[in-house]
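*Asks:* Sequence:
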Amino acid sequence: MTSATARQAVTATLETMKQRVPAYRELVDRFGPLFLGRAELYDQLTAMAPPPPEVDGAKLAAGAPVLAGADLAPWLPLFQTSAKTLLPRLISVLHLDKAAGEALAALPADPPLLSGLAQARIEGNWKFFEDTSVKLETVSAGILLFVSESILSPALTVLADSLGEPLARHSWNQGHCPVCGSSPSIAFLSFKESTGLDHLVSGGGKKYLHCSLCGHEWRVKRNACAACGNDDSETREILTVEGVGNERIEACRKCNTYCLSIDMRECDPPPQLDVAQMGLIHLDIFAHQNKLTPITRTLWNSFDG
Numbered sequence: 001m002t003s004a005t006a007r008q009a010v011t012a013t014l015e016t017m018k019q020r021v022p023a024y025r026e027l028v029d030r031f032g033p034l035f036l037g038r039a040e041l042y043d044q045l046t047a048m049a050p051p052p053p054e055v056d057g058a059k060l061a062a063g064a065p066v067l068a069g070a071d072l073a074p075w076l077p078l079f080q081t082s083a084k085t086l087l088p089r090l091i092s093v094l095h096l097d098k099a100a101g102e103a104l105a106a107l108p109a110d111p112p113l114l115s116g117l118a119q120a121r122i123e124g125n126w127k128f129f130e131d132t133s134v135k136l137e138t139v140s141a142g143i144l145l146f147v148s149e150s151i152l153s154p155a156l157t158v159l160a161d162s163l164g165e166p167l168a169r170h171s172w173n174q175g176h177c178p179v180c181g182s183s184p185s186i187a188f189l190s191f192k193e194s195t196g197l198d199h200l201v202s203g204g205g206k207k208y209l210h211c212s213l214c215g216h217e218w219r220v221k222r223n224a225c226a227a228c229g230n231d232d233s234e235t236r237e238i239l240t241v242e243g244v245g246n247e248r249i250e251a252c253r254k255c256n257t258y259c260l261s262i263d264m265r266e267c268d269p270p271p272q273l274d275v276a277q278m279g280l281i282h283l284d285i286f287a288h289q290n291k292l293t294p295i296t297r298t299l300w301n302s303f304d305g
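Mapping of the sequence shown onto the UniProt record's numbering: residues 1 to 305, in sequence order.
Be a bit skeptical, because a hint or two may be false.
To be verified - With a cut-off of at most 27 Å between alpha-carbon atoms, the simulated DSSO-like pairs for lysine-lysine come out as follows:
hint: 1; residue 1: 98; residue 2: 207
hint: 2; residue 1: 221; residue 2: 207
hint: 3; residue 1: 135; residue 2: 207
hint: 4; residue 1: 291; residue 2: 221
hint: 5; residue 1: 207; residue 2: 59
hint: 6; residue 1: 207; residue 2: 192
hint: 7; residue 1: 84; residue 2: 98
hint: 8; residue 1: 84; residue 2: 135
hint: 9; residue 1: 254; residue 2: 206
hint: 10; residue 1: 254; residue 2: 221
hint: 11; residue 1: 135; residue 2: 192
hint: 12; residue 1: 127; residue 2: 98
hint: 13; residue 1: 254; residue 2: 291
hint: 14; residue 1: 192; residue 2: 59
hint: 15; residue 1: 221; residue 2: 206
hint: 16; residue 1: 192; residue 2: 206
Hint data in this document are derived by calculation from the structure and do not stem from the laboratory.
Can you build the whole structure from these sequences, using the hints too?
*Replies:* Spelled out as structure tokens, the structure:
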């Protein structure tokens, strides 16, 4: 991946969303610059990247992700660069007031706090965000979490991509990311694949999960719930909207959670998955009406009441 290809994927997904569902146009126009800014950072952050962390096979075999207990200090300059670039856009798209904007704009100049936010997000230490919100006084814990994820994600994507073959040689069947430990924000069924035999093409349809933080994608059992591992067909169901079968809700009635899923075999061009979730809010609403809870809370699937 390069910044150019990342930007191209984001742009195509935004345009498709606007053309297909005009009701999403306002969201696309508002948040599009943020997604484009994240894409444009890829080359710059890749050039700055330190050596990747060690991939410990024993740790992975025990179900622990690569970044569990890892020192993120070498990646701090990337977090700072990302923050300096994206914070002005975040403050704008979130319509934050002056006091909140000033508090967040100071993050790049506060390495201990920025490192603390990164470590807390990796560890799932949500209390750190609540406590920091109280100290800042002007920024809610929810906004602080979203902003932190937005500025950490581009650097962690570079980190995940740098692991390459050392990570790929290990099997991983967990419902959380093998890189950063985050839960998936969306699933997808893989493209049709060339078999290499007389141009034959296989059916594809292998199931992958897309990490909500670093964007890493890993293959899992197609019929299993990413949250609890349930593979009982009697307590799992696929919910779709009439006429749009390639976008669906994978629901588990054992744990009452759901994960959105896209069938890539029916997508041309393929969507950028972080952007695509913004255009699936209608599915999140439908899942909410069916008393289901998202595996991962995002800005797009968090509803009141």
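*Asks:* Can the restraint linking residue 291 and residue 221 be considered satisfied, given a maximum Cα separation of 27 Å?
*Replies:* holds, 25 Å
*Asks:* Taking only the CA atoms, is the gap from residue 254 to residue 206 under or equal to 27 Å?
*Replies:* Holds, at roughly 23 Å.
*Asks:* Taking 27 Å as the top limit, are the C-alpha atoms of residue 221 and residue 207 close enough?
*Replies:* Status holds; Cα separation ~7 Å.
*Asks:* Hint check: residue 135 vs residue 207, CA-CA at most 27 Å. Holds or violated?
*Replies:* violated, 42 Å
*Asks:* Mind checking the alpha carbons of residue 221 and residue 206 for me, to see if they're no more than 27 Å apart?
*Replies:* holds, 8 Å
*Asks:* Can the restraint linking residue 192 and residue 59 be considered satisfied, given a maximum Cα separation of 27 Å?
*Replies:* Given that 27 Å is the threshold and the Cα spacing comes to 33 Å, the pair is violated.
*Asks:* Are the Cα positions of residue 254 and residue 221 separated by 27 Å at most?
*Replies:* holds, 17 Å
*Asks:* Regarding the pair residue 254 and residue 291, is the alpha-carbon distance no greater than 27 Å?
*Replies:* The hint holds at about 12 Å.
*Asks:* For the pair supplied as a hint, residue 84 and residue 98, is the alpha-carbon distance within the 27 Å limit?
*Replies:* Measuring from Cα to Cα gives roughly 17 Å; hence the hint holds.
*Asks:* Quickly compare the C-alpha distance for residue 84 and residue 135 to 27 Å and report which way the hint goes.
*Replies:* holds, 21 Å
*Asks:* Has the given pair, residue 207 with residue 59, been kept, meaning a C-alpha gap of at most 27 Å?
*Replies:* With Cα atoms ~24 Å apart, residue 207 and residue 59 stay inside 27 Å; holds.
*Asks:* For a C-alpha distance cap of 27 Å, please report whether residue 135 and residue 192 respect it.
*Replies:* violated, 51 Å
Hint compliance for this structure: hints 1, 3, 11, 14 are not met, and every other hint is.
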